[in-house]
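Trainee: Single-letter residue listing:
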Amino acid sequence: SQTIHQWPATLVQPVGSPLSLECTVEGTSNPNLYWYRQAAGRGLQLLFYSVGIGQISSEVPQNLSASRPQDRQFILSSKKLLLSDSGFYLCAWSNLKRGWNTGELFFGEGSRLTVL
Amino acid sequence: QQQVKQSPQSLIVQKGGIPIINCAYENTAFDYFPWYQQFPGKGPALLIAIRPDVSEKKEGRFTISFNKSAKQFSLHIMDSQPGDSATYFCAAPYYGNNRLAFGKGNQVVVIP
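Listed in order, the protein sequences are those of chains A and B. Position 107, counted from 1, in the first sequence is what this note's numbering calls 107; the numbers after and before it change by one each time, with no gaps. Position 60, counted from 1, in the second sequence is what this note's numbering calls 60; the numbers after and before it change by one each time, with no gaps.
Derived by calculation from the structure, the hints in this document are not laboratory data. Since we're looking at a predicted model, the values are computed, not measured. Check each hint, because a few of them may be wrong.
Derived DSSO-like pairs: lysine-lysine, alpha-carbon spacing no greater than 30 Å straight-line [what the hints assert, rightly or not]: (1) B/Lys104 to A/Lys79; (2) B/Lys42 to A/Lys80; (3) B/Lys42 to A/Lys79; (4) A/Lys80 to B/Lys104; (5) B/Lys71 to B/Lys104.
Computed beta-carbon distance windows for the label pairs [what the hints assert, rightly or not]: (6) B/Ser69 to A/Ser77: 42 to 52 Å; (7) A/Ser77 to B/Asp79: 27 to 37 Å; (8) A/Asn30 to B/Gly17: 25 to 35 Å; (9) A/Gln73 to B/Gly96: 20 to 30 Å.
Backbone N, C-alpha and C fix where the C-beta goes; we use that ideal spot for every residue, glycine too.
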């Protein structure tokens, strides 16, 4: 069966410090990978998605970047955190079925980031 | 892009009641429209999804009703239980690669 892991689960960082959140998926190959941010009252916002190693698409301009160094590893980074980067970050994976969107994303447990 | 709006923002019902959550989207899409359920401190999990060529889908106590012409769909929770207390997100697809635009979420509280 497939599993998705995110770490760290919680993080408190000062403004201006760097960030690295990791996500790994087990039990599937060549998944689509996603980073979403959940801020209070704003729902889930897609930040980045990736269809393969080294292939990253950014959905919104921001202070963050993403990388996919291995097939089942997705990393969210920042060189200098802002207060507005605080939130609940969710990694997700999916597989298309015969090229069709299924609407099914499998989310990790999330990483709660507080920037002070 | 795709815009998704949910209503009402929050809902409190008695056990056994039928909370109904509504979702409206802007851009026509031909792929699945899902509802996700999220408990506090956890990631969202897919609850039920519907194709736009189907008007209704039931899975257990959860039903999606889809109105393609109005670009709206809703979630009905039959015989609601306290364990259904959660935040519910609807989503609409845009472009490809299972990219989803999510609504802001509806908090549902079921009182015993």
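Trainee: Would you mind marking each hint as holding or not holding in the structure?
Mentor: Taking the hints in turn, this is what the structure says about them:
1. Straight-line distance between C-alpha atoms of B/Lys104 and A/Lys79 comes to about 29 Å, which keeps the hinted pair within the 30 Å bound.
2. Straight-line distance between C-alpha atoms of B/Lys42 and A/Lys80 comes to about 27 Å, which keeps the hinted pair within the 30 Å bound.
3. Our distance criterion of 30 Å between C-alpha atoms is met by B/Lys42 and A/Lys79, whose separation comes to about 27 Å.
4. A distance of roughly 28 Å separates the Cα atoms of A/Lys80 and B/Lys104; the hinted pair therefore holds under the 30 Å criterion.
5. Between B/Lys71 and B/Lys104 the CA atoms are separated by roughly 17 Å; this keeps the pair inside 30 Å, and the hint holds.
6. At about 44 Å, the CB distance of B/Ser69 to A/Ser77 agrees with the hint of 42 to 52 Å.
7. A beta carbon spacing of about 46 Å between A/Ser77 and B/Asp79 contradicts the range 27 to 37 Å that was offered as a hint.
8. For the pair A/Asn30 and B/Gly17, the supplied restraint of 25 to 35 Å is violated, since their beta-carbon distance comes to about 44 Å.
9. Distance hint for A/Gln73 and B/Gly96: a CB-CB separation of about 23 Å, consistent with the stated range 20 to 30 Å.
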